[in-house]
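Engineer: In the order they appear, the protein sequences are chains A and B. Okay, so the first sequence: first residue is 228 according to this note's numbering, each after it adds one. Okay, so the second sequence: first residue is 4 according to this note's numbering, each after it adds one.
Think of the hints as simulated: they come from the structure by calculation, not from any bench. Treat the hints with care, since some could be wrong.
[As the list claims (entries may be wrong)] So these bits of chain B aren't anywhere near chain A, every CB distance computed over 12 angstroms:
{"hint": "1", "residue": "10"}
{"hint": "2", "residue": "11"}
{"hint": "3", "residue": "12"}
{"hint": "4", "residue": "13"}
{"hint": "5", "residue": "15"}
{"hint": "6", "residue": "18"}
{"hint": "7", "residue": "35"}
{"hint": "8", "residue": "38"}
{"hint": "9", "residue": "57"}
{"hint": "10", "residue": "58"}
{"hint": "11", "residue": "59"}
{"hint": "12", "residue": "63"}
{"hint": "13", "residue": "74"}
{"hint": "14", "residue": "99"}
[Said to hold, decoys possible] So, partial list: chain A residues that the calculated Cβ filter (under 7 angstroms) puts toward chain B:
{"hint": "15", "residue": "236"}
{"hint": "16", "residue": "237"}
{"hint": "17", "residue": "239"}
{"hint": "18", "residue": "299"}
{"hint": "19", "residue": "348"}
[As the list claims (entries may be wrong)] Distance ranges between label pairs, derived from CB positions:
{"hint": "20", "chain 1": "A", "residue 1": "237", "chain 2": "B", "residue 2": "19", "range": "45 to 51 angstroms"}
{"hint": "21", "chain 1": "B", "residue 1": "57", "chain 2": "A", "residue 2": "248", "range": "55 to 61 angstroms"}
{"hint": "22", "chain 1": "B", "residue 1": "102", "chain 2": "A", "residue 2": "237", "range": "36 to 42 angstroms"}
{"hint": "23", "chain 1": "A", "residue 1": "590", "chain 2": "B", "residue 2": "36", "range": "54 to 60 angstroms"}
{"hint": "24", "chain 1": "A", "residue 1": "286", "chain 2": "B", "residue 2": "61", "range": "24 to 30 angstroms"}
Keep in mind the model is a prediction, meaning the values are calculated, not measured. For glycine and all other residues, C-beta sits at the position ideal for the given N, C-alpha and C.
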Amino acid sequence: MTAIPKISAATMRERMIERARRERIPIQADIEIIATCNFKCVHCYIAPCAEREDVMSLEQANSVFDKLQAAGTQMVLLTGGEVFTHKQFREIYLSAKRHGFEVYINTNAYLIGERWADFLAEWPPKGLSISLYGMSAESYERLTGIPKSFERVMRAIDLLIERGISFDLKCPAMTITAEELPAMQAFAKARGIRFRTDYSIIPQEKGDTGPLQLQLGPEGVMALEQRIDPGLKSFRAYATLRVDGSTTDSVYKCGAGKTSLHINVHGGVSTCSTSRKVVGNLFEQPFGEIWDTLGGKVAMKYPVGHPCATCQFSRICAGCPATVEQLTGMPTGYVQMYCKMTHQRAYDLGYHPTGVPRTVTEGIPAHVVTPTRAAARMLPVLA
Amino acid sequence: MISGSVDTVEYRRRDNYVYRLTVGEHLLVALHARSDEPLYALTPTGAQLWERLAEWMSVDQLADALVNEYELPVDEARQDVRDFLDQLASLNAVESRATTV
Chain A
228 MTAIPKISAA TMRERMIERA RRERIPIQAD IEIIATCNFK CVHCYIAPCA EREDVMSLEQ
288 ANSVFDKLQA AGTQMVLLTG GEVFTHKQFR EIYLSAKRHG FEVYINTNAY LIGERWADFL
348 AEWPPKGLSI SLYGMSAESY ERLTGIPKSF ERVMRAIDLL IERGISFDLK CPAMTITAEE
408 LPAMQAFAKA RGIRFRTDYS IIPQEKGDTG PLQLQLGPEG VMALEQRIDP GLKSFRAYAT
468 LRVDGSTTDS VYKCGAGKTS LHINVHGGVS TCSTSRKVVG NLFEQPFGEI WDTLGGKVAM
528 KYPVGHPCAT CQFSRICAGC PATVEQLTGM PTGYVQMYCK MTHQRAYDLG YHPTGVPRTV
588 TEGIPAHVVT PTRAAARMLP VLA
Chain B
4 MISGSVDTVE YRRRDNYVYR LTVGEHLLVA LHARSDEPLY ALTPTGAQLW ERLAEWMSVD
64 QLADALVNEY ELPVDEARQD VRDFLDQLAS LNAVESRATT V
């Protein structure tokens, strides 16, 4: 008898994810355990709206863990706000591990000193993702609003490396980070750390569109992409698997609401961390009831005549239903800025003859929802 | 001093792994850094033995469980249990003690 078969964790995880896709099992959950943060980042869409009481207690976290465990969740991301400012973070983290979850952490790393680094070395997370905001004290502090934030984060990175704790670095690409992003990428590469970026900025949770002023326009995105991914080599590899001439009228093409979900500090459940539209409350309702509602949401189709329904680049779109929802109020909305970025990429890859979306020449159908007036005023491409 | 002879060895699972049955997989999830892999798969039989190892159990007690459940020959069940305990020991997932009478 081989009671512990020789199978790698990665293979087993793939097998589980495949089954989760087939059977719509919520294998991954993002849990926002605190909405407040010790940084005052100019682009943030959560913390600026947060109050001191926007914290999930240990008891509430445990009730969420119990429900997720019963539902089949295996991977749990603890996120914020800044999780290390949570007074019960240690207890919540260990409880998540003792529930048998593979635990991931999002952090700005400011509070990771010797003690937290030792703790993480003893109780390693499955994944640790650190937000990086610049490569100099001046730029870092301009973005975070916190003195010595660069120095503290650099020290945290050294402490984690010294202890062999694996982590990745990420930085949102926006007007105030674009210049230093290639240096951040080089910093990560020199240390053997994975680095990733994202080009979508969304309004604050309570509607303030201020962060949208930081959104890079299509030209800015393309110029930056050519610097961090010369010849779009990595993007081409990604796109090759996703652009085959076919189209789909399904709005949600990712795993949101199908194999994953997001839970905010008050138990509100949404498709993912970008979407702030909750469909139910896990503190008050049975999991199955909310999961069914979420399933209905992510099964939605584009209305007839919607430009995305017949777009062969929808699987490599710069936007997603959640970012579109934040800008237009509906996942089925249309944001021409994303469309221009995507078509420009398609042009650079040789998939599209001009790089100009059809809506530029033919117009946007009148029944398609576009960004709210407040959002449109801030975006670099009006649509 | 208490005198006695070693009669048998008993085993109990350590608390450095958590067992879960999820998405059709019997998982042994590592809590600490001192593990080669973050998680391991168990067979249903392995999972059954793991559950029993919440208490101190001898090879014979574990083998009896397999005999009753699967109608295995006793010797085969004992060998299966020993193999499983060896695997768990290599993961530092089980502790043992000698019992005396």
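Engineer: Give a verdict on every hint.
Structural biologist: Hints versus structure:
Once the 12 angstroms rule is applied to beta carbons, residue 10/B is consistent with being away from chain A; the minimum gap is 25 angstroms. With 12 angstroms as the threshold on Cβ separation, the claim that residue 11/B sits away from chain A holds: the shortest Cβ distance comes to roughly 21 angstroms. Look at residue 12/B: its CB is around 18 angstroms from the nearest CB on chain A, clear of 12 angstroms, so calling it non-interface holds up. Against the 12 angstroms criterion, residue 13/B stays outside the reach of chain A, whose nearest CB is about 18 angstroms from its own CB.
For residue 15/B, the non-interface assignment is confirmed: its Cβ lies about 16 angstroms from the closest Cβ of chain A, beyond the 12 angstroms cut-off. The claim that residue 18/B lies off the interface is violated: its Cβ sits roughly 9 angstroms from the closest Cβ of chain A, which falls inside the 12 angstroms cut-off. At roughly 7 angstroms, the least C-beta separation between residue 35/B and chain A is not larger than 12 angstroms, which violates its mark as non-interface. Distance check for residue 38/B against chain A: the nearest CB is about 9 angstroms away, which does not clear 12 angstroms, and the non-interface claim fails.
Look at residue 57/B: its CB is around 15 angstroms from the nearest CB on chain A, clear of 12 angstroms, so calling it non-interface holds up. Against chain A, the non-interface label of residue 58/B holds: every CB pair exceeds 12 angstroms, the least being about 18 angstroms. No beta-carbon of chain A comes within 12 angstroms of the beta-carbon of residue 59/B; the shortest separation is about 19 angstroms. Consistency note on residue 63/B: stated as away from chain A, and its beta-carbon is indeed over 12 angstroms from all of that chain's, at 16 angstroms minimum.
Distance check for residue 74/B against chain A: the nearest CB is about 14 angstroms away, which clears 12 angstroms, and the non-interface claim stands. Non-interface call for residue 99/B relative to chain A: holds, since the shortest CB-CB distance, roughly 17 angstroms, exceeds 12 angstroms. Proximity of residue 236/A to chain B holds as hinted, the smallest CB-CB distance being about 5 angstroms (cut-off 7 angstroms). At its closest, the beta carbon of residue 237/A sits 9 angstroms from a beta carbon of chain B; the interface hint therefore is violated under the 7 angstroms criterion.
Residue-level restraint check for residue 239/A holds (minimum Cβ-Cβ distance to chain B is 5 angstroms; threshold 7 angstroms). Hint on residue 299/A holds. Least Cβ distance to chain B is approximately 5 angstroms, under the 7 angstroms limit. At a threshold of 7 angstroms, the smallest CB-CB gap from residue 348/A to chain B is about 6 angstroms, leaving the interface hint in force. Against the hinted window of 45 to 51 angstroms, the Cβ-Cβ separation of residue 237/A and residue 19/B comes to about 21 angstroms, which falls outside the hint.
Distance hint check for residue 57/B and residue 248/A: the Cβ-Cβ separation is about 33 angstroms, which falls outside the suggested range of 55 to 61 angstroms. Under the hint 36 to 42 angstroms, the C-beta atoms of residue 102/B and residue 237/A, about 40 angstroms apart, fit the expected range. A hinted range of 54 to 60 angstroms for the beta carbons of residue 590/A and residue 36/B is consistent with their spacing of about 58 angstroms. Judged by the Cβ atoms, the range 24 to 30 angstroms given for residue 286/A and residue 61/B is violated: they are separated by roughly 40 angstroms.
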